[in-house]
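Using the sequences and the accompanying hints, generate a full structural model.
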Amino acid sequence: GQQVMQIPQYQHVQEGEDFTTYCNSSTTLSNIQWYKQRPGGHPVFLIQLVKSGEVKKQKRLTFQFGEAKKNSSLHITATQTTDVGTYFCAGLSQGSSNTGKLIFGQGTTLQVKP
Amino acid sequence: GAVVSQHPSRVICKSGTSVKIECRSLDFQATTMFWYRQFPKQSLMLMATSNEGSKATYEQGVEKDKFLINHASLTLSTLTVTSAHPEDSSFYICSAGAYTEAFFGQGTRLTVV
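Chains A and B supply the protein sequences, listed in that same order.
Quick note, the first sequence lines up with residues 1 to 114 if you use our numbering.
Quick note, the second sequence lines up with residues 115 to 227 if you use our numbering.
If you are wondering where the hints come from, they were derived from the structure by calculation, not from laboratory data.
Just so you know, not all the hints are guaranteed correct.
With a straight-line cut-off of 27 Å between C-alpha atoms, the simulated DSSO-like cross-links for lysine-lysine are [claimed, not checked]:
#1 A/57 x A/36
#2 B/180 x B/128
#3 B/134 x A/101
#4 A/113 x A/70
#5 B/180 x B/155
#6 B/180 x A/56
#7 B/180 x A/101
#8 B/155 x B/169
#9 B/178 x A/101
#10 B/178 x B/128
#11 B/169 x B/180
#12 B/155 x A/36
#13 A/51 x A/113
#14 A/113 x A/36
#15 B/155 x A/70
#16 B/155 x A/113
#17 A/101 x B/128
A quick note: this is a predicted structure, and the numbers were derived from the prediction, not measured.
Next up, the structure:
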């Protein structure tokens, strides 16, 4: 079945350092979405990428969608302690575009040392 | 964005009893909702797709007789964990919408003692 692999599983950085998490899908995606989950909380939507090669920015966060629509990355510049949490990518496969079924990556947990 | 309300947020129950979790879309109608299970420090595992007015679609390995899903209206889906056992203890979370953005409920922390 469809799989979405996400690395690394954990990342500890010093405040001010950059952070990147990567996602790879076994199948071509209709879109990829990114979510952030704080400890004890529920996932909160960050962004959706749809087009091949798409790049979107939200302040210090940069999201990319690969040309083949099978991989994606999230890059945070100059991390802050408020960036702490687990970041999940979630892919909507082309075969599931009519069901809306998202497949989540394993998540990357970011710890930021002040 | 849209609001999905999940209740209860925490529940402790005895082994062998059943627990019902509600998921409501407050400001929109959801013909489809999704139920996930999340173990500590792990990802969200899709359990089933809840379809309004029809049977839920369960993912492979999920016991449909143990995790009963009912989606009787366009704003409410329920998940009932029947004859709960300690291994059913987990964080259960629902969502609605997914094509462009999924809206998650607050989650339910179930502890079976």
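Checked hints:
no. : hint          : result
1   : A/57 x A/36   : holds (15 Å)
2   : B/180 x B/128 : holds (16 Å)
3   : B/134 x A/101 : holds (23 Å)
4   : A/113 x A/70  : violated (32 Å)
5   : B/180 x B/155 : holds (24 Å)
6   : B/180 x A/56  : violated (42 Å)
7   : B/180 x A/101 : holds (22 Å)
8   : B/155 x B/169 : violated (31 Å)
9   : B/178 x A/101 : holds (18 Å)
10  : B/178 x B/128 : holds (21 Å)
11  : B/169 x B/180 : holds (14 Å)
12  : B/155 x A/36  : holds (13 Å)
13  : A/51 x A/113  : violated (35 Å)
14  : A/113 x A/36  : holds (18 Å)
15  : B/155 x A/70  : holds (25 Å)
16  : B/155 x A/113 : holds (19 Å)
17  : A/101 x B/128 : violated (33 Å)
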